[in-house]
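One-letter residues, chain by chain:
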Amino acid sequence: MSEKVPKIIMEVKNINLRFGGVVAIQGVSFDIHEGEIRAIIGPNGAGKSSMLNVINGFYHPQEGEIWFDGQKRPSMEPYEVAKTGIARTFQNIALFKGMTTIENVMTGRQLQMNKNIFWQMLRYGPAIEEEVQHRKRCEEIIDFLEINHIRKTPVGSLPYGLQKRVELARALAMEPNLLLLDEPMAGMNVEEKQDMSRFIVEVNEEFGTTIALIEHDMAVVMDLADRVVVLDYGKLLADGTPKEVQSNQAVIDAYLGVPH
Amino acid sequence: MEILHMIFIAPFLDMVALPDLFFQGLWDGFVGGTLYALLALGFVLIFKASGVFNFSQPILMVLAALALVSFYEMGINPWISVALVLLLMYALAFGVERVILRNLVNQDGNILFMSTIGLTFVIIGAAQWIFGGVPRSMIHAELGFPVGSSEWPMFGGAVYFEHIDISAVVLASSLIAILAVFFSKTKIGRGLRAVADDHQAALSVGISLNQIWVIVWFVAGIVALVGGLFWGARSDVSFALQIIGLKALPVLIIGGFTSVPGAIIGGLIIGLGEKIFEIYWGPMMGGSVEGWFAYVIALVFLLFKPQGLFGEKIIERV
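Residue numbers (our numbering), protein chains in the order written: chain A, 2 to 261; chain B, 207 to 524.
Hints were generated in silico from the structure; no laboratory data involved. Only a predicted model underlies this, so the values are computations on that prediction, with no experimental measurement involved. Every residue gets a Cβ at the ideal spot worked out from N, C-alpha and C, and that includes glycine. Be a bit skeptical, because a hint or two may be false.
Below, in silico cross-link-like pairs of lysine to aspartate or glutamate (DMTMM-like), each with a Cα-Cα straight-line distance of 25 Å or less [unchecked claim]:
1) A:K8 / A:D70
2) B:K391 / A:E140
3) B:K391 / A:E131
4) B:K391 / A:E176
5) A:K153 / A:E104
6) A:K98 / A:D196
7) A:K98 / B:D314
8) B:K391 / A:E207
9) B:K391 / A:E132
10) A:K84 / A:E207
11) B:K391 / A:E130
12) A:K84 / A:E64
13) A:K8 / A:E66
14) A:K98 / A:E132
15) A:K84 / A:E130
16) B:K391 / A:E141
17) A:K137 / A:E78
Now the in silico label distances, taken between C-beta atoms and shown as ranges [what the hints assert, rightly or not]:
18) B:I384 / A:G28: 52 to 62 Å
19) B:Q513 / A:I129: 26 to 36 Å
20) A:P44 / B:Q448: 51 to 61 Å
Calculated Cβ distances over 12 Å to all of chain A for the following chain B residues [unchecked claim]:
21) L210
22) I317
23) E368
Kindly generate the complete structure, drawing on both the sequences and the hints.
If you want it as structure tokens, here you go:
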């Protein structure tokens with residue numbers, strides 16, 4: 002983050018999301034700069050995950066606009082959003098449990114594999130080359146996230162912390178322009194959190210991937226994030242650098258509670 | 207003593223004494239087994255792709271066979287009739303995805319299972335209404351499949367080969383082989399396994415559930431057509447074919463619900479087993495053991511190896 006004007010990769014404008022009578026998000030707008038780590042924080046039920054699901058296409062807001070890569074995005078299904086280069090991980094881990102680590106990561110390449118299906122069936126020529134090439138890229142990502150030792154293990158049997166890492170690997174295999182991480186460190190011990198923080202920073206710095214993440218651990222957020230959005234009861238409470246946000250009275254009230 | 211001899215010794219002596227009869231039994235069982243395997247594969251594919259046990263698979267087979275015969279009876283060229291049935295199966299796959307599956311994303315497998323039972327009755331009703339309930343004969347001869355039989359001398363006797371059975375084995379095995387490769391080696395195969403495991407995760411890596419579902423249901427329709435063609439040729443084209451279709455259930459219990467090789471081996475075990483059992487052990491039980499043999503074997507498997515021969519071990523982290 003230097004002097005030059007940052008490019009906005011994603012912007013949500015005045016998002017309203019309701020489930021029946023329940024208002025999940027109310028008039029929230031913010032943007033994400035290319036190459037930054039953007040944190041979304043807030044107390045439980047603040048609408049953080051809902052916001053991620055809106056960006057990702059799982060939820061469709063009743064009002065509001067989503068701008069991605071300088072264009073207003075029409076209402077899209079999640080698999081279409083994935084095609085535009087947005088990858089994500091889930092709060093409750095959504096892996097293909099019956100598959101091994103490498104197979105899970107390979108699914109991240111699904112969209113980039115487009116050689117003829119008949120060649121794939123015959124395991125011949127261009128299709129086999131393509132498979133090898135993607136496989137190589139996946140192995141690199143696996144190396145990078147230090148999960149070599151579980152390459153051939155079915156992920157359903159892995160401990161939680163490693164599953165989180167495999168999920169990140171799968172998202173990275175998509176080589177996304179924007180990576181959404183929903184509580185990447187939830188339920189981890191201190192050491193695992195440190196590892197995960199390191200990976201997030203490295204992904205951001207080495208691959209230049211733009212990251213938007215939801216996290217509860219304030220220390221982690223303040224460390225990692227370039228800018229922070231604070232949500233509370235579905236509304237935008239504050240938006241700024243970690244320092245600005247930390248000293249914002251409304252944020253302090255929301256987190257610590259105020260006498261009514 | 208007499209009874210033990212009858213059960214454990216006499217049948218084997220018979221096998222050795224008349225090897226041509228034994229071989230005839232093996233061949234007939236093998237033909238049935240291949241067709242069972244094909245049917246079971248229809249179930250396995252949908253189960254793998256959506257975690258749904260598709261109860262409507264047998265009625266799909268009836269529908270395909272009935273539609274084929276009916277189109278032909280309307281005076282349409284038999285091969286064009288086949289094309290029309292394929293079109294119908296595609297339309298059905300598309301409709302099932304639109305009307306049923308799309309609304310049940312992320313629902314429990316049992317709910318989806320119930321919906322296929324519902325679908326079964328809708329198809330039964332619709333098929334009877336449109337095509338009528340009278341049994342017809344299959345048009346395999348009109349389609350150019352060889353009819354009649356050959357008698358080949360072997361093992362000091364002769365073995366009969368129905369020509370249509372030979373076609374059935376060739377076509378069904380090729381279809382099984384193509385499907386096995388299609389679903390294990392291609393990108394669509396990987397997508398399919400992904401969808402079976404986790405809907406949300408599949409969507410997030412850019413796999414369209416809708417597209418995958420239409421593909422698998424269409425493939426199930428193709429399997430139903432080939433199954434219907436040959437089972438229809440072996441008996442009549444009627445709603446009774448459903449009972450044969452349901453025999454895929456014990457096949458799956460033996461082979462495992464998620465395994466393609468399991469469907470093949472399970473099909474052969476049932477096909478060969480019931481034929482041989484019928485010939486050598488049937489008479490002492492008053493015959494017609496073919497009807498229930500498969501289910502007894504399935505019961506034994508449920509007791510001792512409930513995930514089947516090749517089924518996935520259920521991994522559950524607590």
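Need the status of pair K391 of chain B, E130 of chain A: alpha-carbon distance at most 25 Å? Satisfied, since the Cα-Cα distance of roughly 14 Å is no more than 25 Å.
Pair hint outcome, K153 of chain A versus E104 of chain A [Cα-Cα no greater than 25 Å]: holds (8 Å)
Is K391 of chain B close enough to E141 of chain A, meaning Cα to Cα at most 25 Å? Between K391 of chain B and E141 of chain A the Cα gap is close to 22 Å, so the pair holds against 25 Å.
Going straight from one Cα to the other, do K391 of chain B and E176 of chain A come out at no more than 25 Å? holds (23 Å)
Hinted pair, alpha-carbon criterion (25 Å max): K391 of chain B, E131 of chain A. Please report holds or violated. holds (13 Å)
Holds or violated: K98 of chain A with D314 of chain B, Cα cutoff 25 Å? With a Cα-Cα distance of about 16 Å, the restraint between K98 of chain A and D314 of chain B holds, given a limit of 25 Å.
Mind checking the hinted window 26 to 36 Å against the Cβ distance between Q513 of chain B and I129 of chain A? holds (33 Å)
Below or equal to 25 Å on CA atoms is what counts here, so check K8 of chain A against D70 of chain A. With Cα atoms ~9 Å apart, K8 of chain A and D70 of chain A stay inside 25 Å; holds.
Do I384 of chain B and G28 of chain A keep their Cβ atoms within the hinted range of 52 to 62 Å? Distance hint for I384 of chain B, G28 of chain A holds at roughly 55 Å.
Check on E368 of chain B being off the interface with chain A, judged by Cβ distance over 12 Å: Non-interface label stands for E368 of chain B: nearest chain A Cβ at 31 Å, farther than 12 Å.
Is the hinted pair K391 of chain B and E207 of chain A satisfied, with a Cα-Cα distance of at most 25 Å? Outside the cut-off at roughly 33 Å; violated.
What's the verdict on K84 of chain A and E130 of chain A, does the C-alpha distance respect the 25 Å limit or exceed it? Given pair K84 of chain A, E130 of chain A holds - Cα atoms ~22 Å apart, limit 25 Å.
The structure does not agree with the numbered hints 8, 17 stated previously, though it agrees with the rest.
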